[in-house]
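Hey, can you work out the whole structure from these sequences and the hints?
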Amino acid sequence: TPDNMTITYMSDNNGVQIAIPKYYFKAICAVNRTTGEAKTMAFKIDHVATNDNYLNYVISVAELERLTGFTFFPGIDPKYKKSTSW
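As numbered in my numbering, the sequence shown has no gaps in its residue numbers, which increase by one up to the final residue, 426.
If you're looking for bench data, these hints aren't it; they were derived computationally from the structure.
Check the hints yourself; a few may be wrong.
As the list claims (entries may be wrong) - Quick list of the computed label-pair ranges, beta carbon to beta carbon:
#1 S425 <-> V356: 35 to 45 Å
#2 L395 <-> D417: 36 to 46 Å
#3 T374 <-> T424: 22 to 32 Å
#4 S425 <-> Q357: 33 to 43 Å
#5 T375 <-> L407: 26 to 36 Å
#6 K379 <-> G409: 15 to 25 Å
#7 S351 <-> L395: 26 to 36 Å
Idealized CB from N, CA, C, for every residue including glycine.
As structure tokens, then:
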């Protein structure tokens with residue numbers, strides 16, 4: 341995230357330093373081609389071992405954009421990026 345710029349490294353099998361991700365994310369979108377309406381949701385999962393259900397990590401695409409600084413699905417109306425349910 342923009343507020344946490346610390347990068348942690350480890351060595352790969354060849355001794356090369358590689359960055360360890362703090363978290364993983366995924367953003368999904370389905371657009372109804374007839375109406376133009378879209379459904380979106382995102383996931384942000386910390387890089388730790390867990391058996392939690394992935395649905396415990398649902399966030400809105402708008403929140404994921406805020407956290408990452410990336411713009412996802414630029415062709416859809418931003419109002420569709422605020423949902424956390426499909």
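Hints versus structure:
1. S425 <-> V356: 35 to 45 Å: With a Cβ separation near 42 Å, S425 and V356 satisfy 35 to 45 Å, so the hint holds.
2. L395 <-> D417: 36 to 46 Å: violated, 25 Å
3. T374 <-> T424: 22 to 32 Å: holds, 24 Å
4. S425 <-> Q357: 33 to 43 Å: Given about 40 Å between the Cβ atoms, the range holds.
5. T375 <-> L407: 26 to 36 Å: holds, 29 Å
6. K379 <-> G409: 15 to 25 Å: With a Cβ separation near 23 Å, K379 and G409 satisfy 15 to 25 Å, so the hint holds.
7. S351 <-> L395: 26 to 36 Å: Holds, since S351 and L395 (Cβ atoms, about 35 Å apart) stay within the stated range.
Going down the numbered hints, you'll see the structure goes against just number 2.
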